[in-house]
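Please work from the sequences and hints to get the whole structure.
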Amino acid sequence: MTLEESIEMTVKGCGVELYDIVTTKENDRDIFRVYIIAKDGVSLDKCAEVSRLISPILDVDEPMYGKYNLEVSSPGIERKLKKPRHFEVSIGEKIKVKDFEKNILTGELIFADENEIKIKTEHGEEIITHDQISSASTYFEW
Numbered sequence: 001m002t003l004e005e006s007i008e009m010t011v012k013g014c015g016v017e018l019y020d021i022v023t024t025k026e027n028d029r030d031i032f033r034v035y036i037i038a039k040d041g042v043s044l045d046k047c048a049e050v051s052r053l054i055s056p057i058l059d060v061d062e063p064m065y066g067k068y069n070l071e072v073s074s075p076g077i078e079r080k081l082k083k084p085r086h087f088e089v090s091i092g093e094k095i096k097v098k099d100f101e102k103n104i105l106t107g108e109l110i111f112a113d114e115n116e117i118k119i120k121t122e123h124g125e126e127i128i129t130h131d132q133i134s135s136a137s138t139y140f141e142w
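If you read the sequence shown in the working numbering, its first letter stands for residue 1, the second for the next number, and so on.
Simulated from the structure, these hints should not be mistaken for laboratory data.
The structure presented is a predicted model; accordingly, all values stated were derived computationally and were not measured.
Glycine included, each C-beta is placed from N, C-alpha and C at the ideal position.
Some clues are possibly wrong.
What the hints assert, rightly or not - Cβ-Cβ distance ranges computed for the label pairs, FRET-style:
hint, residue 1, residue 2, range
1, Ile-91, Asp-131, 17 to 23 Å
2, Leu-44, Glu-116, 32 to 38 Å
3, Asp-45, Ile-91, 24 to 30 Å
4, Asp-45, Glu-126, 36 to 42 Å
Below, the structure is given as structure tokens:
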């Protein structure tokens, strides 16, 4: 079982879903970030619970060499969409998609599967395949 699979199984046991795992460096600190989602939102208590449960897993199967900080949080209301699964759990939300030709589509995500997404824009419905997407994210109109 991979480290990601172990984390995903533990997260599911807490009643939430694993959204993404990101390793980064900020202010000379290595950070191992675990993003979780839930239909009814993610509370601070839930983040603390997940952190307590996955910390021993990371002690056995170190994700980064040397010292690092573990952070568990929600990916937020405006979040990056990288994997087909990210799009699937974001159906019904407003998204912005940039393709490799620098075209930008914005609108409501109305369909997503392993191959493509469908966005309802002000001009109608647009279909774009995952391999055409350069970057994508959800957005919130304030």
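Against the structure, the hints:
| no. | hint | verdict |
| --- | --- | --- |
| 1 | Ile-91 to Asp-131: 17 to 23 Å | 20 Å, holds |
| 2 | Leu-44 to Glu-116: 32 to 38 Å | 36 Å, holds |
| 3 | Asp-45 to Ile-91: 24 to 30 Å | 27 Å, holds |
| 4 | Asp-45 to Glu-126: 36 to 42 Å | 40 Å, holds |
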